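*Asks:* Working from the sequences, and respecting the hints, build out all of it.
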Amino acid sequence: MHCYSLTLSRATGIQSAVYGNFSAAKAQEVVVSRGKVLELLRPNENGKMQTVVATEVFGCIRSMAAVRLTGSSVDHLMLGSDSGRIVLIKFNKDKNAWVKVHQETFGRSGCRRIVPGQYVAVDPKGRACMVGAVEKQKFVYVLNRDNLANLTISSPLEAHKSHHITFSICAMDCGFDNPIFAAIELDYSEADQDPTGEAASVAQKHLTFYEMDLGLNNVVRKWTDAVDNGANLLVAVPGGADGPGGVLVCAENFIIYKNQDHEEVRAVIPRRSDLPGDRGVLIVSYATHKKKAYSFFLVQSEYGDIYKVTLSYEGDNVSELKIKYFDTIPPCASIVVLKTGFLFAASEYGNHALYQFVGTGEDDDDVESSSAQLVQTEEGFQPVFFEPRPLKNLLLIDEMASLMPITDMKVANLLNEEIPQIYALCGRGPRASLSVLRPGLAVTELAVSPLPGAPTAVWTVKRNTQDEFDAFIVVSFANATLVFSIGEEVKETNESGFLGTVPTLHTQLLADNSMLQIYPGGLRHIRPDRRINEWKVPGRRNIKAAASNEKQVAIALQGGEVTVFELEQGTGQLVEAEKRDLGEDVSCVEVRGEGRGGRGGEGGGRGGGVPGDPPVPDGLMRASFLALGTYDQTVRVLSLDPGQGLKNLAVQALNSVPESILMLYNAGPGADRTTEGGLFIHVGLQNGILIRSEVDRVSGQLTDSRTRFLGTKAPKLFPASVRGVRCMLALSSRPWLGYNDQGRFNLSPLSYDALDYASGFASDQCPEGFVSVVKSTLRILAVENVGDAFNTQACRLRYTPRRLLIHPDYKVLLIAEADHAAVPLAEREDLQARLAAIAEQEGAPVQGVEFNDELAALEEQFGAPKGQPGQWAGCLRIVDPATLSTVFVQELDNNEAVVSMALVELQLPGAGQGIEKLLAVGCARGLRYMPTDCEAAYIRIYRVLDAGRRLELLHKTPVDGGAPGALAGLKGRLLSGVGPTLRLYDMGKKKLLRKCEYNRLPHQIVSITVQGPRIYVGDAQESVHMMRYKKADNAFYIFADDIAPRYLTSLLPLDYDTVAAGDKFGNLVVLRLPKEASQQVEDDPTGGKMAAASGRLNGAPHKLEEVVKFHVGDTITSLQRAEMQAGGQEVLIYSTVMGAIGVLYPFTNREDVDFFSHLEMHLRQEHPPLSGRDHLGFRSAYFPVRACVDGDLCGQFASIPVKKQQMIAESMDRTTGEVLKKLEDIRNKIL
Amino acid sequence: MATLSDRLNINSQIEHLQAKYVGTGHADLTKFEWALNIHRDSYASYVGHHNMVSYFGVVENESIGRVKYEFLQRMLLPCGLPPKAQDQSEDEEEK
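Going down the list, the sequences are from chains V and A. Heads up: the first sequence at position 1043 corresponds to 1043 in the working numbering, and the numbers run straight through without jumps. Heads up: the second sequence at position 5 corresponds to 5 in the working numbering, and the numbers run straight through without jumps.
No lab work stands behind these hints: they were computed from the structure. Quantities reported herein were computed from a predicted structural model and do not represent experimental measurements. Heads up, some of the hints might be wrong.
Claimed, not checked - Computed Cβ-Cβ distance ranges for the label pairs, DEER-style: (1) A:Q18 x V:I153: 29 to 39 Å; (2) A:H16 x V:N46: 51 to 61 Å; (3) V:G724 x A:H16: 54 to 64 Å; (4) V:L216 x A:S5: 34 to 44 Å.
Stated by the list, open to error - Dumping the calculated DSS-like pairs for lysine-lysine here, alpha-carbon to alpha-carbon at most 27 Å: (5) V:K125 x V:K339; (6) A:K20 x V:K161; (7) V:K1221 x V:K1103; (8) V:K125 x V:K161; (9) V:K161 x A:K31; (10) A:K20 x V:K222; (11) V:K136 x A:K20; (12) V:K392 x V:K48; (13) V:K136 x A:K31; (14) V:K1204 x V:K90; (15) V:K866 x V:K917; (16) V:K1203 x V:K1221.
C-beta atoms are modelled at their ideal positions from N, C-alpha and C, and glycine is treated no differently.
*Replies:* Encoded structure:
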């Protein structure tokens, strides 16, 4: 088994976010790290956050900082990662990519204790930076510019301090004095030596200032002072000319202003009145807003409350520190203030959001605490209380979807669609949801209106070539044409000049703003001054196909006569230019390609009124290629150059009749999209296949054909616009969108009904959409989130979802939810009252918060109130996937948390009773973590009633020995993993009856799967154990186990001898029992039992072999197998905590393995990861990578410079096109 | 055969390593010291890997920022108080 790993949908959670002007001066941009993906975001004019570029860095990003050199108007970015290197990168606008400026190695790699990279801080003037580790190590680098104004970097200066744990580092603002870095440190050396615990109890955190002396080129510990022991975060205060300097130390419950030779100024952080007394308030994220006259800080607590912190000062003397409640949003990993008055909130879990400031937070009615009003009592400082309220100072503008964390996932086709759906449990607490993911792009329906009769085609036409928006929608019927004008509303009009009594074949706005209507009987040319020129088809023939651009029109008559007209400059007449009889009926036409002496055929094409379709550049007379599809199953490219008489340039034989042709430029990477892309011809065939071939721009030769099956109907191809670039809409039995994304051509299905005909559409409300006809309706649609692999539909849940099951008979989803330290719904007095009020209003009881949008939104904003550790809230739920709504929900009583759930076939007690599929739920009462412990544990057995609409508790059995971490059925009995014990139960009338147990498994069973007589048991720390149950002896025994410790989270059997497993640290592994061992176990009359006794070092007699090993770099939460394509190959799908979904695709032939392994090897050499981490090292972070090619790295081939592409391709004896085609092919095989 | 100077050299090299790389073990390492290193290494690794802190955060229903802070805080005494230096006193008694 050799695999190709590919991330289908990259992580959506954000680790940290940094504001800066990266691509240009004053560009409002945010760089976010999604763990191992670096993404540049920019809000567009509508206030939607858009991804400019996302780069996989093949390393673990731990921290980031923007670097602004003195006198520079753009920022660099400094990355702190696990690479053991300091990396400074810069955004290159032309290449639309990050470029490494500096990479200096300082030590070992990895996310270790003493490897710097956990913290980075950059002097506000860009003169120096500090890279710190969790313990001991801190390096300071001096940043400078050489005489060409390039950034240079010095050799590192050490500011190490052994036995010191660092909590936070920040660069102080001290104007043009020597740069100073502040750090919160804790010395543990004495606590380690003192058995009495006295040293530990007096251990004191210190705030230390490290001064970088630029003159002497050294770093000194300038000042150190004890700070509050709850200190966790430092915020620099503007200094120099802009403020008093110094730092704000955020500590549990306090914010303290500190500076050298300045007494501390302390204020309490206001706390929510419903917060338990023993819980502190910790600041987790902050943003500084710095302006010359006025600066303030926004800090956010762990509960999501944002406070505005202001300082009153005179000179360098701070007199008062004020903390005022500002607003509440869900807790964030980072909050970022944009200079344009927006706040970007990168949520810890769940959707990220962009808010606009609508208030300054200076209202008097909000709670404020001040250092001046600090009251000290015997029990400490007196707290200040407030009640969170709905948003007042912030206004939600846009949300960025995030699936983080995916806690469980199942892939199944419950709705009888073409391909299976992915059901993922996402989110935490009140922001939890069940998300259904379907490959493809989400489509929003903007308008649907009925039409009289059945339309055959639709176009949009602008009034003027310079117009941004379309003016008319032309709808053609079998024997008539209707024209609608687009304005406030869409209504029928006669002012267009179009002939209404004939069907229309084609429309076009020509370069001189005249309109063209092509109908079977001829051409109707409507001049801007409303004069009409008609050209009638000679004889009794009809026009069969037509195409045009702004200056040329091509028509094909019955019988195969092709005529090309050109718009004559000056007279504004359409003049016949070329004519040729092909002798074969033509099915479709396309005019395109650059003219001689320069490119720019971009303006051509059918329905040229597509928004974002740039006009033909001045001076260019004509497109150079005419493409024709004919009924003899060929596609031809003819030359349009004058005097060539429509000479054949290329002919390609097809295996079916072409139905539609479209030519597109493939954009190269970067803003200058035109330089590197090729011209591609797309042909839709009647057998449902789409062929894509490259057209040589000079000779017109067709090369490098790629085919893809789109559906059962012949694909019709239409131009549309995505992000201002011409792209393709292909309509088959389902619609597809072909577009360029970061240098790669993507063909994604749209999640919408089949469309009959479509055309690009641009209007005020919908700048980039398309209008289409479906049966007898006209629909205006828009595609959202282009670039996403999946579109999502969600159903709200109440608590953090833990387990997901699919009932195979009733096709419903069973979900177990549980929240630690949360208050169950029944005890939420505030909610009960509100729910009762709503119930009274609606006349029906409301079962929970999630059923009322208003209430749920509030709950999402404020978060659920905190309970005590060991207090649990949980429920069981049934969701109908068809309507995506809850059909049943039941709260769990008795402070129980669901830890496992399984559908098992159990032999019912009593004579003559059969086997029934029951729901077994493992619960733990008062579960606590670190160490894991519970007061009591139970297994509940439920019966699923009413075709999956209701659950009925049959009985509840107490189990001893720990939490029941896994359940499974074994031949009519229930197999449970209770703590480290594997136990077999029989179904009894009142409770489960214990039959057999095996208690020598290492730690905690997290997964049990049964195949025939074999039981695959996953342990929380010790990987997989293969076991058998011997009926005669009524005993379990282990016959094979793994050789490495793996902290399993998920386990999936692939075949009888093979299992795939994912672990907490982000490793995927496929383990296989060697053939001989497998045979031996099967053949052995004792079933390997005797051999089990002779295992060495407490291990099993047989060991599993590692077939595939791969480090994903993100905690894997579930593994599934599925075919993600109709008739495709089965792949292994995994989900991760950060919200990514990826696959392992097993190669089917040796040739591919060789090819991709080589490509990977070359790319490792030629295109090392951006974070500076060695690619092989990253993929082997825990276990050496084995038999797995990194498809994400291979995919970057498309975005590297052409020269390097050619070099790599050459050394593999291929052309660049072939390599790209291979990459595209394998991607298409997967999704 | 290694000469005396070689051995000294090796010793100094090991000392150098131990000074440079916190957590490097030695022949006389006690179980407690070993566990200390392991725990501190683990906490540092969790704090460094965002996916791990997030994972703990989901399980415990806490904010990621809080989990990070708690982990760093626990690095002070990750395994409880150090044991009383019994071995040493016993050794002395034997002598």
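*Asks:* Given the hinted pair K136 (chain V) and K31 (chain A), is their Cα-Cα distance within 27 Å?
*Replies:* The given pair, whose Cα atoms are some 23 Å apart, holds under the 27 Å limit.
*Asks:* Below or equal to 27 Å on CA atoms is what counts here, so check K1204 (chain V) against K90 (chain V).
*Replies:* 20 Å, holds
*Asks:* Between the alpha carbons of K1203 (chain V) and K1221 (chain V), is the straight-line distance 27 Å or under?
*Replies:* 18 Å, holds
*Asks:* For the hint 51 to 61 Å, verify it against the beta carbon of H16 (chain A) and that of N46 (chain V).
*Replies:* 60 Å, holds
*Asks:* Against the 27 Å threshold, does the CA-CA distance of K136 (chain V) and K20 (chain A) hold or violate the hint?
*Replies:* Holds, at about 10 Å.
*Asks:* Taking the Cβ atom of Q18 (chain A) and the Cβ atom of I153 (chain V), is their distance within the range 29 to 39 Å?
*Replies:* Holds: the Cβ-Cβ distance is about 30 Å, inside 29 to 39 Å.
*Asks:* Does K31 (chain A) lie within 27 Å of K161 (chain V) when you go C-alpha to C-alpha?
*Replies:* 25 Å, holds
*Asks:* So the hint says 54 to 64 Å: do the beta-carbon atoms of G724 (chain V) and H16 (chain A) match that?
*Replies:* For H16 (chain A) against G724 (chain V), whose Cβ atoms are near 60 Å apart, the range 54 to 64 Å holds.
*Asks:* Within 27 Å, alpha carbon to alpha carbon, are K392 (chain V) and K48 (chain V)?
*Replies:* OK: K392 (chain V) and K48 (chain V) at ~21 Å, within 27 Å.
*Asks:* Would the hint linking K866 (chain V) and K917 (chain V) be met if the CA-CA limit is 27 Å?
*Replies:* Violated, at roughly 37 Å.
*Asks:* Given the proposed pairing of K125 (chain V) with K339 (chain V), does the C-alpha separation stay at or below 27 Å?
*Replies:* 18 Å, holds
*Asks:* Using the beta carbons of L216 (chain V) and S5 (chain A), state whether their distance is inside 34 to 44 Å or not.
*Replies:* 38 Å, holds
In this structure, the hints that do not hold are numbers 7 and 15, in rising order.
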